[in-house]
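Colleague: With chain A fixed as given, assemble chain G onto it according to the hints.
There are 2 protein chains.
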Amino acid sequence: MYLFSNVLGVFVFDDKLNKVDEILFKTFEDSQNKKNLIEKMKGRHKGLKEPDGNSIRKIMLYFKSENLLNEFYIKNLELTKFDTRNSVKNDLLLIHSTKSIGEIDKAIDLLVKRLREWYDIYNPEFSRSVDDHEKFVGEILEKEKDELLRQINVEATDSIGASFAPQDIEPIKSLARQICNLYQLRKAQFEYISALMDGLCPNLKAVCDVLVCAKLMEHAGSLKRLSEMPSSTIQVLGAEKALFRHIKTGAKPPRHGLIIAHPLIARAPEKMHGRIARALADKISIASRVDYFNGQFIGDKLRKELEEKYKQ
Amino acid sequence: MYLFSNVLGVFVFDDKLNKVDEILFKTFEDSQNKKNLIEKMKGRHKGLKEPDGNSIRKIMLYFKSENLLNEFYIKNLELTKFDTRNSVKNDLLLIHSTKSIGEIDKAIDLLVKRLREWYDIYNPEFSRSVDDHEKFVGEILEKEKDELLRQINVEATDSIGASFAPQDIEPIKSLARQICNLYQLRKAQFEYISALMDGLCPNLKAVCDVLVCAKLMEHAGSLKRLSEMPSSTIQVLGAEKALFRHIKTGAKPPRHGLIIAHPLIARAPEKMHGRIARALADKISIASRVDYFNGQFIGDKLRKELEEKYKQ
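Order-wise, the sequence lines are chains A and G. Here the first sequence is numbered in the numbering used here, starting from 1465 and rising by one per residue. Here the second sequence is numbered in the numbering used here, starting from 1465 and rising by one per residue.
Calculated from the structure, these hints are not laboratory results.
Same chains, same names: a pair is fine if it fits in one copy or spans any two.
Dumping the calculated EDC-like pairs for lysine to aspartate or glutamate here, alpha-carbon to alpha-carbon at most 16 angstroms:
#1 Lys1765 <-> Asp1746
#2 Lys1545 <-> Asp1622
#3 Lys1490 <-> Glu1542
#4 Lys1553 <-> Asp1632
#5 Lys1545 <-> Asp1584
#6 Lys1563 <-> Glu1581
#7 Lys1498 <-> Glu1486
Computed from a predicted model, the values in this text were never measured in an experiment.
Same shape as in the complex, but just chain A (with noise of 0.2 angstroms):
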């Protein structure tokens, strides 16, 4: 007697390869117990062994019948689909919200470079006083051009900016309306991002900030990817190309990759980089694993080791 399972059902088949007994998977919980349907035929019979190839190839003849065949596929194309629908995790969500991120700050970067231009010859003044993109748009939209050169202590007289008719401003200024709008959704992304991460990564959020969080992991593609790196490949983690320069030509090696945006790192004097990154990427992995295997929260104990180890 052979015990034989697919994604079909669990079958028994006798000496002579007969179908003797049959379990059919109706539900896609059935087929995700599977073991236990095991279990229940092996109680039916006795002495029920794996069948060797000689065996096997016979017994897959019982299921070249057309009709059998046929459910093969939809149960094959119904596992697929369960599969594919529950493969989605909020790393995926995560990954995709960071990647938008960094698609709405490209937008915003050409957009707001020629709002600037075309703004140029109405109020060059002004313009060049604001650096700031995103005060400079706000500005534009509430004031008046009188009021801004005020405010920059140039009268409206001294301006070299060309008079405009209303309907000539009024593309300049719904072009800085909707340059107004990505700002605020890439706050609201910002934000959705933060909240994903305390679901998903919470240590890894209080170890590495919001946005260096998220870099990783979209560089890394995966939480699981990245809770499986050694601390050493986080620590370079984006500076591939000086890593294999460093491989191939025996260049300087790269002292850190993408988390060189931690405050931690940016604040810290040139020659301290190295040693801090090497210590926070130690810490980052730590945490990369305890969310990926869900344990306890102890993303601010980390966090306050290096800062206190690094305070200065």
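Modeller: Leaving out everything else, chain G in the frame of chain A:
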């Protein structure tokens, strides 16, 4: 007696090069009516002549006194400001808004690609059934997943897209909403351009539609420069790379540049492209000259001639 004029006014010096008479410019109008004031001065004194090299050098010494130098500075600054302020013509606005449409297109492209990838994990069947980006964005904003799937005859249970919590759909929808806004901004800018053209270059607009006209203006830099180009240049405007390859290597010369987007060429069979492009460039060249010199409206006549000739 010598007559001398500069940005400050019109002056008369006697033979010993002492100042005898002066008319100072008080307003911008005076500066612009320089000729009239010179005539006036000529009426006051007989036998005025232009100073020669040697006397000019001595006259210059007169203007070297400190307070006059200061006035020079102020007057020059004012004149420059005035000129700068008035150098902004409508064709500059047209070019800026055309460029802005280009940037908006790029931004939309970036964001739509991200949106599609992100939305794909939620509802891949619908995303792939709609090729048009604008329609895609509009529909996912308006309808729920179920409705969208029914629309393409897929049952919601058959979809391989993951089921999302509302807080996970919201960021996708707000990205879509912003893209939708950008599409609207694009339309508004297009209308603005069209309105600008009615005043600036109605003939050009009639001959080659808003988009081609805007691109030609953008490429030429101004209406003046476009009107100065021979029609053969207009024909290959935008195909500089191919043109120089032709000159350098003897490869085939380009038959058309930007004007290929014109419906007359785009709709015509391949082998007619060159012929139509030449005729079209002719008419564009005529139209741009009429527009630059504010001639009558003959755009519809030009367009009609073209269309009748190349109807098939």
